[in-house]
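S.K.: Listed below are the residues making up each chain.
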Amino acid sequence: MPVTELQPKTEPAQHQGRAMLAVLLCTFINAASQAFIKLGTASLGEHPTMVETAVGIFTKPLLFTGYALLGASTVLFVLALRKGELSLLYPVLTLGYVWVTVLSAVAFHESMNPLKLAGVTVIIAGVAVLGRASKA
Amino acid sequence: MKTPLVSIAWVIVGTVIGSFGAVFLKIGAGHLSRSLKSLLTNWRLALGIGLYLLSSVFYVIGVRNGELSVLYPMVSLGSVWTLLWSKLLLEESLTKPKFTAVGMILAGCVLLGLGSQ
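Chains U and S, in that order, give the protein sequences. 212 is the number of the first residue of the first sequence in the working numbering; add one for each residue after it. 21 is the number of the first residue of the second sequence in the working numbering; add one for each residue after it.
Check before you lean on any hint, since a few could be wrong.
Stated by the list, open to error - Derived lysine-lysine pairs resembling DSBU-like cross-links, with alpha carbons at most 30 angstroms apart:
(1) Lys249/U x Lys271/U
(2) Lys294/U x Lys346/U
(3) Lys116/S x Lys249/U
(4) Lys57/S x Lys346/U
(5) Lys346/U x Lys22/S
(6) Lys294/U x Lys107/S
To be verified - Chain U side only, calculated, beta carbon under 8 angstroms to chain S, not exhaustive:
(7) Ile240
(8) Ala243
(9) Val289
(10) Leu299
(11) Gly337
None of these hints come from the bench; they were simulated from the model. Where a beta carbon is used, it is the ideal one built from N, C-alpha and C, also for glycine.
All chains, full assembly: derive it from the sequences and hints.
M.R.: Printed below as a string of structure tokens:
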């Protein structure tokens with residue numbers, strides 16, 4: 212089957228603003244899921260086996276919430292992809308790292324320094340460039 | 021702690037697998053309809069999710085023996101591959117803002133990595 216037959220219809224640029232917002236929401240949900248997974252991992256003990264981890268995903272509320280949110284963010288990303296361009300939306304996912312870095316500093320008291328702050332700023336600015344392009 | 025080349029290789033291969041995962045998610049998303057049967061038989065979507073999960077296994081293995089400061093920026097390479105596949109396989113247009121944005125995101129991830137040392 213030629214690739215072009217597999218290819219879904221992509222909407223014109225001005226219709227991609229909504230897809231863009233959906234992916235933005237996606238990155239927030241993703242960062243929240245990482246936080247829940249990090250908190251939940253602590254309840255697994257020092258060196259959990261793969262089976263203990265797999266069972267824990269369903270029995271530990273924090274882990275379950277984390278993975279449920281991860282699933283939700285994936286569903287949202289797929290829905291956004293229905294009408295949005297992959298080359299426009301995929302790079303936006305990097306924002307997830309930004310929120311994790313900010314969240315780690317605020318909630319988990321990990322260090323924040325000028326280099327990290329500069330990184331966060333440059334990534335947000337880069338995504339803003341995509342945001343403008345989606346509405347152009 | 022020095023990052024072994026093997027760890028870097030795991031992460032880079034992970035980003036390539038992840039970018040193909042994204043391509044299949046995109047193709048699968050185009051075949052969504054309201055029936056449950058079509059969702060369950062959407063192999064493109066299933067393959068996309070499978071490749072995503074596989075790529076995260078590669079990251080975990082890579083990060084285990086490497087420094088986050090080196091590996092962090094590598095992860096953003098996924099955006100570069102995805103740009104390439106979007107053009108070659110999905111026939112999306114590669115515009116200047118997309119190149120600029122991915123360049124800035126790469127630079128930002130390098131800074132994040134340096135800050136995580």
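S.K.: Next, verify each hint and record whether it holds.
M.R.: Status of the hints after comparison with the structure:
Taking the CA atoms of Lys249/U and Lys271/U, the gap is near 12 angstroms; set against the 30 angstroms cutoff, the hint holds. Taking the CA atoms of Lys294/U and Lys346/U, the gap is near 14 angstroms; set against the 30 angstroms cutoff, the hint holds. The straight-line distance between the Cα atoms of Lys116/S and Lys249/U is roughly 38 angstroms, outside the 30 angstroms bound, and the hint therefore fails. The straight-line distance between the Cα atoms of Lys57/S and Lys346/U is roughly 35 angstroms, outside the 30 angstroms bound, and the hint therefore fails.
The straight-line distance between the Cα atoms of Lys346/U and Lys22/S is roughly 44 angstroms, outside the 30 angstroms bound, and the hint therefore fails. The straight-line distance between the Cα atoms of Lys294/U and Lys107/S is roughly 16 angstroms, inside the 30 angstroms bound, and the hint therefore holds. At about 15 angstroms, the closest approach between the beta carbon of Ile240/U and any beta carbon in chain S exceeds 8 angstroms, and the interface hint on this residue is violated. Below 8 angstroms, beta-carbon pairs count as interface contacts, and Ala243/U has none with chain S, the closest being about 17 angstroms; its hint is therefore violated.
Look at Val289/U: its Cβ gets to within about 5 angstroms of chain S, closer than 8 angstroms, so that hint holds up. For Leu299/U, the suggested interface contact is upheld, since its CB lies about 7 angstroms from the closest CB of chain S, less than 8 angstroms. The closest approach between the C-beta of Gly337/U and any C-beta of chain S is roughly 3 angstroms, which is under the 8 angstroms cut-off, so the hint is satisfied.
Of the numbered hints stated above, those contradicted by the structure are hints 3, 4, 5, 7, 8, listed in ascending order.
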